[in-house]
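The residues making up each chain are set out below.
2 protein chains.
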Amino acid sequence: MSTLYLLPTPLGDDEKVWLLPHDLEKIRHIQYFVVEAEKTARRHLKLLNLDTPLQQLHLSRLDEHSKLDSLPEILSPLLQGHDMALMSEAGCPAVADPGATLVALAHRHNIDIVPLVGASSLLLALMASGANGQRFAFQGYLPADSDGRKTSLRQLEKKALAGESQIFIETPYRNDVMLADILSTLHRETHLCVASDLLQQTQSIISATIGDWHAKPLPNLKKRPTVFIIY
Amino acid sequence: MSTLYLLPTPLGDDEKVWLLPHDLEKIRHIQYFVVEAEKTARRHLKLLNLDTPLQQLHLSRLDEHSKLDSLPEILSPLLQGHDMALMSEAGCPAVADPGATLVALAHRHNIDIVPLVGASSLLLALMASGANGQRFAFQGYLPADSDGRKTSLRQLEKKALAGESQIFIETPYRNDVMLADILSTLHRETHLCVASDLLQQTQSIISATIGDWHAKPLPNLKKRPTVFIIY
Chain A
225 MSTLYLLPTP
235 LGDDEKVWLL
245 PHDLEKIRHI
255 QYFVVEAEKT
265 ARRHLKLLNL
275 DTPLQQLHLS
285 RLDEHSKLDS
295 LPEILSPLLQ
305 GHDMALMSEA
315 GCPAVADPGA
325 TLVALAHRHN
335 IDIVPLVGAS
345 SLLLALMASG
355 ANGQRFAFQG
365 YLPADSDGRK
375 TSLRQLEKKA
385 LAGESQIFIE
395 TPYRNDVMLA
405 DILSTLHRET
415 HLCVASDLLQ
425 QTQSIISATI
435 GDWHAKPLPN
445 LKKRPTVFII
455 Y
Chain B
225 MSTLYLLPTP
235 LGDDEKVWLL
245 PHDLEKIRHI
255 QYFVVEAEKT
265 ARRHLKLLNL
275 DTPLQQLHLS
285 RLDEHSKLDS
295 LPEILSPLLQ
305 GHDMALMSEA
315 GCPAVADPGA
325 TLVALAHRHN
335 IDIVPLVGAS
345 SLLLALMASG
355 ANGQRFAFQG
365 YLPADSDGRK
375 TSLRQLEKKA
385 LAGESQIFIE
395 TPYRNDVMLA
405 DILSTLHRET
415 HLCVASDLLQ
425 QTQSIISATI
435 GDWHAKPLPN
445 LKKRPTVFII
455 Y
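Residue numbers (our numbering), protein chains in the order written: chain A, 225 to 455; chain B, 225 to 455.
There's no promise every hint is true.
The list treats identical chains as one, so a pair stands whether inside a single copy or across any two.
Unchecked claim - Heads up, simulated DSSO-like pairs for lysine-lysine below, C-alpha to C-alpha not over 30 Å straight-line:
1. K250 with K240
2. K383 with K240
3. K240 with K291
4. K447 with K240
To be clear, the hints were calculated from the coordinates, so they are not data collected in a lab.
Keep in mind that this is a model prediction, so the values were computed, not measured.
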């Protein structure tokens, strides 16, 4: 019986091996990979020093432009008895990326799914925020227009005040606008954590009430992958 | 400036080192630890082979019985210039455990918070479920009485059908009752993932529609740490 491994990738451009040694041993033999972008996947795989030379690995692409009817072909090596590994562009696969559709199909074929330990920016941000993690929600991206974003922020604040910490992300070039909208929209007593460049040299994690945020110099978030948490 | 490291622990009784090699190097020098239970913490720390002999490490307890007014004393080594590490009983600290209160206090003292990569049963289950991870919520424990649990399950099913995958846990001795209530309460088309003993030899991850669950032999979940996901 073949296995679909869920293989995390590094959050940034780190040159260090990002897998636990015993997990790396589990996947050294794999020749079939499902990836979001071939170029970054090959750069990551190069560091792992697998049993098979890099040029002989089989990489299938699964990204936001992939069509659902391409999934059976992507999955077919598993049905032919080959182990496979699913990788996302950064962090843990099948969370906030198209990989979940492949995992769902694998379950329908009763294929063993084995998730490996890796970095998740959402989870690292939640750990480091000081927010109550007993209940939390990840909301993905909020609306891109200012009115929609502010309406959404007010709804999330209500949920946060009811005890469910609210996690969301923004495309990096709009991070500064998001931060400005949060600070102008939410109440002074609400807490905001802004976690940027997680696991990078430039990592910064700031968590404070909106009132305290108003008294601080604001960080420059431009182009820095950032997780926002309201609690 | 001292640093509060957030130090994950293994999910089970594994004897393997569960930290990335470069993260282990960051914490070898630490002498002050905040732990949920001293006995398991010492067992975990023994495996790490730190610079300081095990018996000379300073362990402070922070658990569900701790009082908020004990937090400043627990935090005090950080203010005196010592690095500290916060550990939970299993998995990632400060998510669904009392550690978040200490992290929040550390932020108020402008102490650097550094989360380290580790295993989270919630995240591993979500990755392996096939559920849409673009939006999800962790609900902690549902009500323990059958009526309350079923009402709660129906509410979570509505949220799941609206696109927000719903993650929750149960105390292990009630897992089988929870599974029976889920199968008798939710619609046949709704999806359920049951992920048990994650990262252990006995790991099992089953994900299917409620209708398909009815056609399967049910797993024995008694005393097995389990994550439930409705989507």
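Here is what the structure says about each hint:
1. K250 with K240: both (18 Å within a copy, 14 Å between copies)
2. K383 with K240: neither (39 Å within a copy, 40 Å between copies)
3. K240 with K291: neither (34 Å within a copy, 40 Å between copies)
4. K447 with K240: Answer is within: at 23 Å inside a copy they meet the 30 Å cutoff, but 38 Å across does not.
In summary, the numbered hints that this structure violates are 2, 3.
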